[in-house]
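K.L.:
Sequence:
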Amino acid sequence: MNESETEQLITDIQQIRQQVDAILLVEHDMNLIRKLSDRLVAMDYGKKIAEGTPGEVLSHPEVLKAYLGSDE
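The sequence shown: position 55 = 59 (my numbering), numbered continuously.
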């Protein structure tokens with residue numbers, strides 16, 4: 005998606021959030037995730053490796069290793 009489409013998606017999801025208890029969103033665009041999410045679950049090959057606030061999950065060592073790689 006381009007930037008305009010992403011911003012429209014964020015607006016649409018924010019409107020839907022007012023009408024429902026929860027939304028499950030599978031997404032790899034971290035900027036979009038940061039703008040929309042209260043809680044995250046990060047998975048690696050079907051295994052949950054972290055759960056919490058966006059700040060907690062996106063700075064978790066296992067998440068960084070799984071999604072950004074490691075020099076080890």
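Among the hints, erroneous ones may be present.
Between beta-carbon pairs, the in silico distance windows are [to be verified]:
| hint | residue 1 | residue 2 | range |
| --- | --- | --- | --- |
| 1 | Glu11 | Pro58 | 16 to 22 Å |
| 2 | Asp33 | Glu55 | 15 to 21 Å |
| 3 | His32 | Thr57 | 14 to 20 Å |
Everything labelled a hint here was simulated from the structure, so no lab data went into it. For each residue, glycine too, the CB sits at the ideal point set by N, CA and C.
K.L.:
Against each hint, give a clear statement of whether it holds in the structure.
P.N.:
Comparing the hints with the structure gives:
1. Glu11 - Pro58: 16 to 22 Å: With a Cβ separation near 18 Å, Glu11 and Pro58 satisfy 16 to 22 Å, so the hint holds.
2. Asp33 - Glu55: 15 to 21 Å: holds (19 Å)
3. His32 - Thr57: 14 to 20 Å: holds (18 Å)
Checked against the numbered hints above, the structure violates none of them.
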